[in-house]
Amino acid sequence: MLTLVAILVDGLVYSSWLFIVAVGLTLIFGVMKILNVAHGSLYAFGAYTAATLIGVYFDAGWPPLGSFALLLVAAVVVGLVLGLVLERGLLRFMYGRDEVIIVLVTYAVFLILEDVILLVWGTSPYFAFQPYSLLDNTSIGVLSFANYDLAMIGFAVVLGAGLWWAIQRTRWGKLLLAVIHDREMAQAMGINVTLVFTITFILGAMLGALGGAVTAPEISVAPGIGVEVIVVAFAVVVIGGMGSIPGAAIGALIVGLIRAAAVHLLPQVELFVIYGVMTLVLAFRPQGLFSRAEARKI
Amino acid sequence: MSTVTTRRSAAILHRSSRPWGGLTFVLAALLALLVALPMQARAETMKIGIVTFLSGAAAGPFGIPGRNGAELTVDAINSGSLPSPYNTKGIGGANVEAVIIDEAGGTTKVVEEFRNLVQREHVDAVVGYISSGSCLAIAPVAEELKMLTVFFDCGTPRIFEDGNYKYVFRTSAHSTMDNVGAAHYVAKRFPKTRSYAGINQNYAWGQDSWRDFHLSMELLMPKAKVTTVQWPKLFAGQYSSEISALLVSNSNIVHSSLWDGDLESFVFQAGARGLAKRSKLVLTTGEANMFRMGAKMPNGVIIGARGPYGVLARDTALNRWFQKTYTDHYGTPPVYPSYQMAQAILGLKVAYDKTAQKMGGKFPTREQAIPNFEHLTYEAFGTTVNMALGNGHQAITETAYGQYHFDKAAGRATITNVERFPAECVNPPVGVKSEDWIKGGLKGAKCN
Numbered sequence: 001m002l003t004l005v006a007i008l009v010d011g012l013v014y015s016s017w018l019f020i021v022a023v024g025l026t027l028i029f030g031v032m033k034i035l036n037v038a039h040g041s042l043y044a045f046g047a048y049t050a051a052t053l054i055g056v057y058f059d060a061g062w063p064p065l066g067s068f069a070l071l072l073v074a075a076v077v078v079g080l081v082l083g084l085v086l087e088r089g090l091l092r093f094m095y096g097r098d099e100v101i102i103v104l105v106t107y108a109v110f111l112i113l114e115d116v117i118l119l120v121w122g123t124s125p126y127f128a129f130q131p132y133s134l135l136d137n138t139s140i141g142v143l144s145f146a147n148y149d150l151a152m153i154g155f156a157v158v159l160g161a162g163l164w165w166a167i168q169r170t171r172w173g174k175l176l177l178a179v180i181h182d183r184e185m186a187q188a189m190g191i192n193v194t195l196v197f198t199i200t201f202i203l204g205a206m207l208g209a210l211g212g213a214v215t216a217p218e219i220s221v222a223p224g225i226g227v228e229v230i231v232v233a234f235a236v237v238v239i240g241g242m243g244s245i246p247g248a249a250i251g252a253l254i255v256g257l258i259r260a261a262a263v264h265l266l267p268q269v270e271l272f273v274i275y276g277v278m279t280l281v282l283a284f285r286p287q288g289l290f291s292r293a294e295a296r297k298i
Numbered sequence: 299m300s301t302v303t304t305r306r307s308a309a310i311l312h313r314s315s316r317p318w319g320g321l322t323f324v325l326a327a328l329l330a331l332l333v334a335l336p337m338q339a340r341a342e343t344m345k346i347g348i349v350t351f352l353s354g355a356a357a358g359p360f361g362i363p364g365r366n367g368a369e370l371t372v373d374a375i376n377s378g379s380l381p382s383p384y385n386t387k388g389i390g391g392a393n394v395e396a397v398i399i400d401e402a403g404g405t406t407k408v409v410e411e412f413r414n415l416v417q418r419e420h421v422d423a424v425v426g427y428i429s430s431g432s433c434l435a436i437a438p439v440a441e442e443l444k445m446l447t448v449f450f451d452c453g454t455p456r457i458f459e460d461g462n463y464k465y466v467f468r469t470s471a472h473s474t475m476d477n478v479g480a481a482h483y484v485a486k487r488f489p490k491t492r493s494y495a496g497i498n499q500n501y502a503w504g505q506d507s508w509r510d511f512h513l514s515m516e517l518l519m520p521k522a523k524v525t526t527v528q529w530p531k532l533f534a535g536q537y538s539s540e541i542s543a544l545l546v547s548n549s550n551i552v553h554s555s556l557w558d559g560d561l562e563s564f565v566f567q568a569g570a571r572g573l574a575k576r577s578k579l580v581l582t583t584g585e586a587n588m589f590r591m592g593a594k595m596p597n598g599v600i601i602g603a604r605g606p607y608g609v610l611a612r613d614t615a616l617n618r619w620f621q622k623t624y625t626d627h628y629g630t631p632p633v634y635p636s637y638q639m640a641q642a643i644l645g646l647k648v649a650y651d652k653t654a655q656k657m658g659g660k661f662p663t664r665e666q667a668i669p670n671f672e673h674l675t676y677e678a679f680g681t682t683v684n685m686a687l688g689n690g691h692q693a694i695t696e697t698a699y700g701q702y703h704f705d706k707a708a709g710r711a712t713i714t715n716v717e718r719f720p721a722e723c724v725n726p727p728v729g730v731k732s733e734d735w736i737k738g739g740l741k742g743a744k745c746n
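Going line by line, the protein sequences match chains U and P.
Per this note's numbering, residue 1 is the first one in the first sequence, and the count goes up by one each step.
Per this note's numbering, residue 299 is the first one in the second sequence, and the count goes up by one each step.
Any given hint could turn out to be false.
Pairs of lysine to any residue, SDA-like flavour, derived with a Cα cap of 20 Å [unchecked claim]:
(1) K531(P) / V227(U)
(2) K706(P) / K531(P)
(3) K523(P) / T138(U)
(4) K737(P) / T714(P)
(5) K575(P) / L134(U)
(6) K575(P) / Y126(U)
(7) K594(P) / L134(U)
(8) K523(P) / G461(P)
(9) K523(P) / L265(U)
(10) K531(P) / T138(U)
(11) K33(U) / P267(U)
(12) K594(P) / F110(U)
(13) K174(U) / N147(U)
(14) K521(P) / K531(P)
(15) K575(P) / V728(P)
(16) K407(P) / V227(U)
(17) K531(P) / F234(U)
(18) K531(P) / V277(U)
(19) K594(P) / F234(U)
(20) K706(P) / S133(U)
(21) K407(P) / F110(U)
(22) K575(P) / V142(U)
(23) K731(P) / H512(P)
(24) K486(P) / Y501(P)
(25) K486(P) / A743(P)
(26) K594(P) / G739(P)
(27) K622(P) / A708(P)
(28) K578(P) / H703(P)
(29) K578(P) / E722(P)
(30) K531(P) / M278(U)
What the simulated footprint calls covered on chain P by chain U, stretch by stretch (three residues with Cβ under 8 Å from a Cβ of chain U suffice, anywhere in the stretch; the number is not a length) [to be verified]:
(31) 355-363
(32) 529-535
(33) 568-574
(34) 724-734
Just so you know, the hints here were simulated from the structure itself, not pulled from any lab data.
Positions of the beta carbon are idealized from the N, C-alpha and C atoms, including for glycine.
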């Protein structure tokens, strides 16, 4: 019973983290058809910025609870600055080119940003553990869960619901849906696709940075953290269906729960299960669980 | 050397009587100069390639302290300021020039960079490699290129147990020592242990480490049972589920060979969720992170340094010099990768100096120096190094474990309850593979 509870809670915690990390990637792909490999760097920039801000904040002796707001501030600042620079300064010149070329460009950006991180923050890891320890623990029998992790579940639900509402219930969201369904037709109907692209990329960048910022308090923020993230985020997005936000949520849930079950019941296969699930999904639904197969336009 | 060049040129000038004698002289002088220059450079400079992580997750706790150890040792060797008996200038009389490169980027890149060091930089020796994967890939290439290569940190026992090399050396003991030592520590200090678990990265290092610890525990503490064995991937960062599994297992001991940022993330998360209070954590590489983590590492955690290095080093004149010079220079005490790197360069110096001495002060070739490196025993900064295994190419050393304590009042990390284990107690004897040695009941181990 205890193991079952552990699998459920651990699975939900990991799923929440996966969703937060992957949702920006799928949003950008859905609207812009760009597989943004630099998403891993945005995650790393978010984590480093949050760690730096938290360090400064606690050194100044300000009220500890305020540090949670810094996580959001870090994500907004990184997303706004890097998102704007990358989209306006580089990616807009690539629109209309082959998707593979754009992947290569974002990969190049990823490599450059990895070195920028080394230049700015150096090689030594950063710690920003205070918000993690601040929230204490909740005990279920011999199990003890960090409240910070449990709060992550709530945060992921709010984030997912907020995005769903923004896309389905607001004017901006409807414009976005129009661009997702048919970019050319949307442009012909007078929608400023360029502006939609810029806003979407900035929002996606903010979400990537947010993933890093909320993770920073529980890890050692070290060079290379973005590499691992891009791999798992990509797996989640592929399972759910590239470009589908509900797909990212379901993909994250499937991966999170199966991985937690593996850790508790068969730890030897933990490394394999994520990619095992991905392979199975791709074998039967190559477009992912939540994407519709599209006829190719000629 | 320059005197010889001048005399040769003068002799050629004297014999010259033909009209184009001037041209002949110039050509001959140039030729003599070209021949003499590399010889001169070789005698005056020994170029050593230093390979360590300068980027990536392993750079902070391992790569950079290793690089610092290299810089410090090379400077001291060149200025002759190492403590006695190593206070002669240079290596084999030659000034040392270090070429430092990054180990990050994967095995293919690491092998390419090694070839570059040998074929483009024309180094005389290479000292480096933290990852076991790097060492396994480099060893055959070093042999193919006939390049004297000293591994300073990587831990897998497979290098010399599965291979036989002439040009490859490793001056630190392999991971069997760490894990047999950890089991001895648990048996000695926690004899009531009835259950133990493991969390190790799912690749060569983690798997070898757990195998050796588990096999040793079966021998030393047969009543203790394994509860769960966790295998997170390298650089996972998130250990929420693994920590839950460890909490549910309610084990007396949790063994881990996690290293770099992974270890720090695990210790944060485990500390916050009370795992360190419920189970005694055994961190075989914990010393490398102790000064960086400070109060964030829970008190009472059992830590090792992959040998008697750092806070576990012997109190000798060499160690005091290393501690003081390093701390003065870098503002933080040296950790075990710094010691291991310095120890590897020192091994080269001892072998080359010994050879040069036998050759009347002439700088030796690597072929001449290698026999004097094999089976060498020398006093290093943390302990005595004995190149006993792998036909004299693999070191054994004593090891030590202790319990971490952070003194909040003084703001200092220290170590208590230290236990030392002799080299012959925790390393396999000559000619026996680690796994066979442990499975065979640690035959020949001398622990008293």
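Task: Stated coverage of the segment 724-734 of chain P by chain U [criterion: 3+ residues, CB within 8 Å] - done: violated (count 0)
Task: 20 Å Cα cutoff - pair K575(P), V728(P) - done: Judged against 20 Å, a Cα distance of about 40 Å means the pair is violated.
Open item on the list: Next pair to validate is K33(U) with P267(U); report whether the Cα-Cα distance is within 20 Å.
Closed with: violated (36 Å)
Open item on the list: Please verify whether K706(P) and S133(U) have alpha carbons no more than 20 Å apart.
Closed with: holds (18 Å)
- [ ] Measure nothing beyond the straight line between the CA atoms of K594(P) and L134(U); if it is 20 Å or shorter, mark the hint as holding.
- [x] holds (13 Å)
- [ ] Measure nothing beyond the straight line between the CA atoms of K575(P) and L134(U); if it is 20 Å or shorter, mark the hint as holding.
- [x] Within the cut-off at roughly 18 Å; holds.
- [ ] Would you check the hint for K486(P) and Y501(P), treating anything up to 20 Å between C-alpha atoms as holding?
- [x] violated (29 Å)
Open item on the list: Three residues or more, CB to CB closer than 8 Å: is that satisfied between the segment 568-574 of chain P and chain U?
Closed with: n = 3 at 8 Å, threshold three: holds.
Task: Hinted pair K575(P) and Y126(U), Cα distance within 20 Å - done: violated (25 Å)
Task: 20 Å limit on alpha-carbon distance, applied to hinted pair K578(P) and E722(P) - done: Roughly 27 Å between the alpha carbons, so the hint for K578(P) and E722(P) is violated.
Open item on the list: Would the hint linking K531(P) and M278(U) be met if the CA-CA limit is 20 Å?
Closed with: holds (17 Å)
TODO: For the pair we were handed, K531(P) and V277(U), check the Cα-Cα distance against 20 Å.
DONE: Holds, because 17 Å separates the two Cα atoms, which is no more than 20 Å.
When each numbered hint is compared with the structure, violations occur for hints 2, 3, 4, 6, 8, 10, 11, 12, 13, 14, 15, 19, 24, 26, 29, 34.
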